[in-house]
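Position chain B against the provided structure of chain A, taking the given hints into account.
2 protein chains.
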Amino acid sequence: MIRGKDGTPIPKVVIERLPRYYRYFDWLEDQVEKISSKKLSELMGSSASQVRLDLSYFGDFGQQGYGYNIKKLKAELAGILKIHSPTKFIIVGMGNIGRALTRYNAFADAGFKLEGLFDVKPILIGEKINGITIYDVSELGPYVKKHDIDIAIVAVPKEVANEVANTLAASGIKGILNFAPLDLEVSGDISIENIHIIDKALALSFMIREKQQR
Amino acid sequence: MIRGKDGTPIPKVVIERLPRYYRYFDWLEDQVEKISSKKLSELMGSSASQVRLDLSYFGDFGQQGYGYNIKKLKAELAGILKIHSPTKFIIVGMGNIGRALTRYNAFADAGFKLEGLFDVKPILIGEKINGITIYDVSELGPYVKKHDIDIAIVAVPKEVANEVANTLAASGIKGILNFAPLDLEVSGDISIENIHIIDKALALSFMIREKQQR
Numbered sequence: 484m485i486r487g488k489d490g491t492p493i494p495k496v497v498i499e500r501l502p503r504y505y506r507y508f509d510w511l512e513d514q515v516e517k518i519s520s521k522k523l524s525e526l527m528g529s530s531a532s533q534v535r536l537d538l539s540y541f542g543d544f545g546q547q548g549y550g551y552n553i554k555k556l557k558a559e560l561a562g563i564l565k566i567h568s569p570t571k572f573i574i575v576g577m578g579n580i581g582r583a584l585t586r587y588n589a590f591a592d593a594g595f596k597l598e599g600l601f602d603v604k605p606i607l608i609g610e611k612i613n614g615i616t617i618y619d620v621s622e623l624g625p626y627v628k629k630h631d632i633d634i635a636i637v638a639v640p641k642e643v644a645n646e647v648a649n650t651l652a653a654s655g656i657k658g659i660l661n662f663a664p665l666d667l668e669v670s671g672d673i674s675i676e677n678i679h680i681i682d683k684a685l686a687l688s689f690m691i692r693e694k695q696q697r
Numbered sequence: 484m485i486r487g488k489d490g491t492p493i494p495k496v497v498i499e500r501l502p503r504y505y506r507y508f509d510w511l512e513d514q515v516e517k518i519s520s521k522k523l524s525e526l527m528g529s530s531a532s533q534v535r536l537d538l539s540y541f542g543d544f545g546q547q548g549y550g551y552n553i554k555k556l557k558a559e560l561a562g563i564l565k566i567h568s569p570t571k572f573i574i575v576g577m578g579n580i581g582r583a584l585t586r587y588n589a590f591a592d593a594g595f596k597l598e599g600l601f602d603v604k605p606i607l608i609g610e611k612i613n614g615i616t617i618y619d620v621s622e623l624g625p626y627v628k629k630h631d632i633d634i635a636i637v638a639v640p641k642e643v644a645n646e647v648a649n650t651l652a653a654s655g656i657k658g659i660l661n662f663a664p665l666d667l668e669v670s671g672d673i674s675i676e677n678i679h680i681i682d683k684a685l686a687l688s689f690m691i692r693e694k695q696q697r
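Chains as they are written, first to last, in the numbering used here: chain A, 484 to 697; chain B, 484 to 697.
I should point out that these hints are in silico values taken from the structure, not numbers from a laboratory.
Treat the numbers as computed from the prediction; the structure is a model and nothing was measured.
A few of these clues could be false.
To be verified - Only pairs whose alpha carbons sit at most 30 angstroms apart, straight line, appear in this in silico DSSO-like list of lysine-lysine: (1) K517/B <-> K683/A; (2) K571/A <-> K611/A; (3) K629/A <-> K683/B; (4) K628/A <-> K683/B.
In isolation and in its complexed conformation, chain A is listed as follows (with noise of 0.2 angstroms):
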């Protein structure tokens, strides 16, 4: 359970829903000292209430009548969302999404840290994509014990993913960002965000073609 300053519990929708804000005051930062809370919520298309709800977990950041300050706010959410210290992380699966994410620089920019890549492939273990090596998936969970690496991407088929993420949870692995097509069963105290490309187009076909029939 994490709490708030207050020790209130956070609920988990409002934990994911930060990186959102954090992505705002980025944008907004730029052009504006000061915002309120109505027009940060006309922009996210949000109530002020929610806006206000969902910032008071973290502390009082706001002045009433006065807005909130972006700099300020930007900073305590970069505190928060720990930022600016990198989190390490590596990919598991050099498929197409594997290979795409290792390239794909917004991590850096978000403060995480490419440390190494697995596959099964014999023929790709020690090629290296952008500077960062493949090794065999057989070291995978000496190498996440060795180096602390915080999270895990799981890129693999969904017939190996859970047996994968067995082997990360053994080795102390602390997060897992879900590619494969599954919901992961896995023991022990491991935080995992699915990203399910396909349900959501499935979900985005499915709403589509209901209009239609309109």
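Below, chain B without anything else, positioned relative to chain A:
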């Protein structure tokens, strides 16, 4: 507003869960004939009452005390999700993510048909990836109209994402799967689903670091 068989509006959050049900039915059908809402909820990590409520929006697939017939359920959901008739899509932006999605076979397996690719870089125009041609982004609007494209994947830098989205909207696109790290501002009746990879990674980073401080 999307409505179920009895006219009840279906919440977006339920619609977004349907592809996940579909994945489970697809996996279960080779193993068992029927499944109870209790067993299904255990597999999916939700509650039996939520499973029953979710499925009830789409008619009565189950029989009290007998469980749900999985093949029938999968067929009904395939119909609801329109998995048998292909959804035509294009990808705009041939950076790392766009290229990876071009080669992502799971789209075809889920009933999506990739029709065209778009980029702004002259050197890429005319190149083919997996037999699909890259066109100049200036042809985007006419192409969407002419080929009656359903969905566009937007994988361009955030600075140009809204311009691309508005071109798509003006050309009659029905849905956008947005990988650009911003919330698109598009006018018109367009469905949008976001895949914000960095937001998810930041949320994960935040969760694990908070845990370490306990």
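Now the hints, each set against the structure:
With a CA separation close to 27 angstroms, the supplied pair K517/B and K683/A stays within the 30 angstroms bound. Between K571/A and K611/A the CA atoms are separated by roughly 18 angstroms; this keeps the pair inside 30 angstroms, and the hint holds. Taking the CA atoms of K629/A and K683/B, the gap is near 26 angstroms; set against the 30 angstroms cutoff, the hint holds. At most 30 angstroms may separate the alpha-carbon atoms for a hinted pair to count; K628/A and K683/B meet this at roughly 24 angstroms.
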